[in-house]
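Student: Here is what each chain is made of, one letter per residue.
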Amino acid sequence: MNVQAPKPHLVKGRETAPREKLVVVGNGMSACRAVEEVLKRDADRFQVTIIGAEPRVNYNRIMLSPVLAGEKSFEEIVINDHAWYQSNDITLHTGDSVVKIDRTTKVVLCASGKVISYDRLLLATGSNPFIIPVPGNKMPGVVTFRDIEDVNVMLRTAESATNAVVIGGGLLGLEAAHGLSLRGMNVTVVHLMSTLMERQLDPAAGYLLKCELERRGVAVLVDAVTEEIVGDSKVQGVRLKDGRILPADIVVMAVGIRPNTDLAKDSGLAVNRGVQVDDHMVTSDPAIVAVGECVEHRGQCYGLVAPLWDMCIAAAGYLTAKKGDGYQGSVTSTKLKVSGIDVFSAGQFSGEEGTEDIVLRDASRGIYKRVVLKDDKVIGAVLFGDTNDGPWYFQLMKSGEDVGPVRNFLIFGQAYAQGGSAADPTAAVAALSDEAEICGCNGVCKGTIVAAITEHGLTTLDDVRARTKASSSCGSCTGQVEKLLALTAGDAYSGERTQKTLCKCTDFTHDDVRRLIVEKGLQSIEGTMQELHWKTPDGCSSCRPALNYYLLCAWPGKYRDDMQSRFINERAHANIQKDGTYSVVPRMWGGLTSAKELRAIADVVDKFEIPTVKVTGGQRIDLLGVKKDQLPAVWADLNAAGMVSGHAYAKALRTVKTCVGSEWCRFGTQDSTGLGVKLERATWGSYMPHKFKMAVSGCPRNCAEATIKDVGVVCVDSGYEIHVGGNGGIKLRSTEFLCKVETEEEVLEYTSAFIQFYREDARYLERTAPWIERIGLEKVKSRVVDDPEGRKILAERFYLSQKHFQKDPWAERGWGGKESKEFNPLLRISGLTAEKEQAYG
Amino acid sequence: MGDQDWTDVGNINEVPRLGARTVKTPRGDVALFRTADDEIFALRDRCPHKSGPLSQGIVHGRSVTCPLHNWVISLESGEAMGADKGCTPKIPVRVENGRISIKYQPMSLQAAE
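Keeping their order, the protein sequence lines are chains E and F. Quick note, the first sequence lines up with residues 1 to 841 if you use my numbering. Quick note, the second sequence lines up with residues 1 to 113 if you use my numbering.
It is worth saying that the hints were derived from the structure and are not from the lab. Take the hints with a grain of salt, since some may be wrong.
[What the hints assert, rightly or not] If the Cβ cut is set under 10 angstroms, some of the chain F residues that face chain E in the computed set are:
#	residue
1	8
2	23
3	26
4	36
5	51
6	58
7	61
8	67
9	104
Each residue gets a CB set at the ideal place from its N, CA and C atoms; glycine is no exception.
Put together the whole structure using the sequences plus the hints.
Tutor: Right under this line is the structure:
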């Protein structure tokens, strides 16, 4: 347990009067935020003691879903670590709970027997998950989704068991379902009502959400009444009222929360649904304030984060005798990512008398927007799929502005309605008022962010996050915060956005995407698109191949190559030609061949009536005009003669071109042919950002043209010069000299390290020449030449990756092999009429 | 239009999601595309640009990118999208009980029957 012994009070500046004792019951998000607000106003006023029932420091409960989904670790969701408690001189008792408050003597009694006296008491006991009263609800295997222990139970179960049932189709239930599904369980959501998240969404949006979840493999049962949880000693299933039994190894109850008021009630405080408080969060006892999910303010209880922050501000004002206007209640809006799906709702949308609806649907993009008006004022909004204008509608709703003048354009969003001819997202953010809320999680409005940027000269997203907390929780407002940075800081903005985005499907750049794939542990194209807010359902022909490569490079052996995201040449392992036929190039190691190979090639040419045979620039033989359905048979014959795919079609090592070197040539200084073969044997099969060519010349006469290759080795008497970044294509570029080494082993190690650095750093479809021009040769040298340790690590990573990729695709996909249907038509229809040659259309 | 006009060509599962298969007919190849949402579209397997085999392209949303010069063709209309102009003939297609059938006779022939 992390119990700390109470420390002697450290005197900071104040020598005289001992500080007042502030005791905080609860160690959750509201409790700690309230303490932060108090410290912000008067750091020396109180000696603070926090008592929390969970055996750990304060963490972000909202982020339990990403922990369950495997996207974050517990450490990453900690808000206040031990250092925070220590540096603020706060005594923390974890794993202990307060069982009684004696208000006359002003002491609290803990379960551990501790007695702690207070001058002021802050209650932040939060809420308890509601457990539906059905038989079996206490059986092992029934969990809630409230704290990290619940998550740990779910994770343990997911390791060995298959079926999960989540009772409750609200936000929490759907997050649990999504997480368990990502963990490989078969998940069924059982929801009592006919619409998912019926308190936040109207039926249309609820339906879209249901469809989207089902598309992702989560079963959703609506209008489903749970009657019993069945099982002998542990959960085996859930029986519904209609008699169906759903098999379950774990049942997650996520039907709602109830304010935790037991302690307040027992202590004689005024309690209704929650602990009753006034506008300054003061309970019926003036020495005791309460904040968070346990309170009831003006008849309202809140379960969302934003209102809690406002309560903490009001409470801190009261405690430090700096009373402001107090808490005025919250009009809440919900901007959520439900399982990666953007959803926004605010206000009313039940369609009562006198209300009007404006609706926009774009089924193919999965977008639904509905704004509810009454007397030309916005009273509610539901957005699904595109939630960018949520804050604007919310702002219009709170201000009660007359939207009559813009109502024709209202549904198209702020930028459009306010005169922009196109929906420019930057203009939309610029047009927001200072009070408009940007970060819903932390209740940060535009004015606060802009002020922070100006006052503190902030230039990066991380600066803004650190200073204002905006965008630091769920991250769904990141785009807006970046636009504010760009607008406010202008040229000073360090600007992720000065780089081009990967493609039109995303706001992220190539580099962002690569970094986030590794940081967030994203291991699928779909997951990456979801997590990074892709704007199209399944990307485009630009981003899919790029993502496939990035994932392949980041997770060798783990990531399952997605054939449908590869360009046809890499899918068919041959080069498509203008007439739809293919060319086939067998590998000839270092440009060497033999009579046996040439005979086999000749036989293949005869057998399949291949029309053109040509020698390539890379010292290989190209067979042109092969029909797609012939490919597996052609490969089988070439394989039989010992030849493998030459990868002439791939973003991968193409060829290692060589001259004959010291074995034959009177000028040759080293065995350039032999080294070329070794290099090719070591590097073939490795997928790269773009095609990759190498050459080894036996002397500086450079007959292998090594100085226009991605890697060119030029042999000299005393060893080997390694040159990099050459290109003989559209833009001729000579290599730059990387370094000189003495042995063939070193050539192999340096080349492997260089390739791996290129694989990990360059953008998809960036050859080494523009890559080196972009990052500078010095950068390459610092990684590959000057840092022997780093070079070895890079080379090791390359060898490891090669273990997974050095498989001949021709052998794998030849006759009867993997995905053979790629090469065959679904059906051949023949003998219809005599008009055989007449084409369609 | 009777059922005899429709030809069963296979099961929807034989066409990969976000991929395509071809049907060879005496009147040229037909490309069958399957979207992420399991919708099936059929077009003549020729790009309006330079006759590239659309069936070999990358399928995304309800469109396909031609493998030869990256024209993007709408699967719904057969029209080239963006700045490009051109159209590929659509082939009538339907899916019933997981079976795909196409109507591969041109309209003109039908009228003559």
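Student: With reference to the structure, classify each hint as holding or not holding.
Tutor: Consistency of the hints with the structure:
1. 8: With Cβ-Cβ at 9 angstroms, under 10 angstroms, it holds.
2. 23: OK, holds: residue 23 of chain F within 10 angstroms of chain E, min 5 angstroms.
3. 26: holds (5 angstroms)
4. 36: Hint on residue 36 of chain F: holds, closest Cβ of chain E at ~5 angstroms, below 10 angstroms.
5. 51: Hint on residue 51 of chain F: holds, closest Cβ of chain E at ~8 angstroms, below 10 angstroms.
6. 58: Residue 58 of chain F check passes; min Cβ-Cβ to chain E is 4 angstroms, inside 10 angstroms.
7. 61: Holds. Min distance 6 angstroms.
8. 67: At about 4 angstroms, which falls below the 10 angstroms cut-off, the nearest Cβ of chain E leaves the hint on residue 67 of chain F intact, so it holds.
9. 104: Holds: closest Cβ of chain E sits about 7 angstroms from residue 104 of chain F, inside 10 angstroms.
Of the hints listed earlier, there is not a single one the structure fails to meet.
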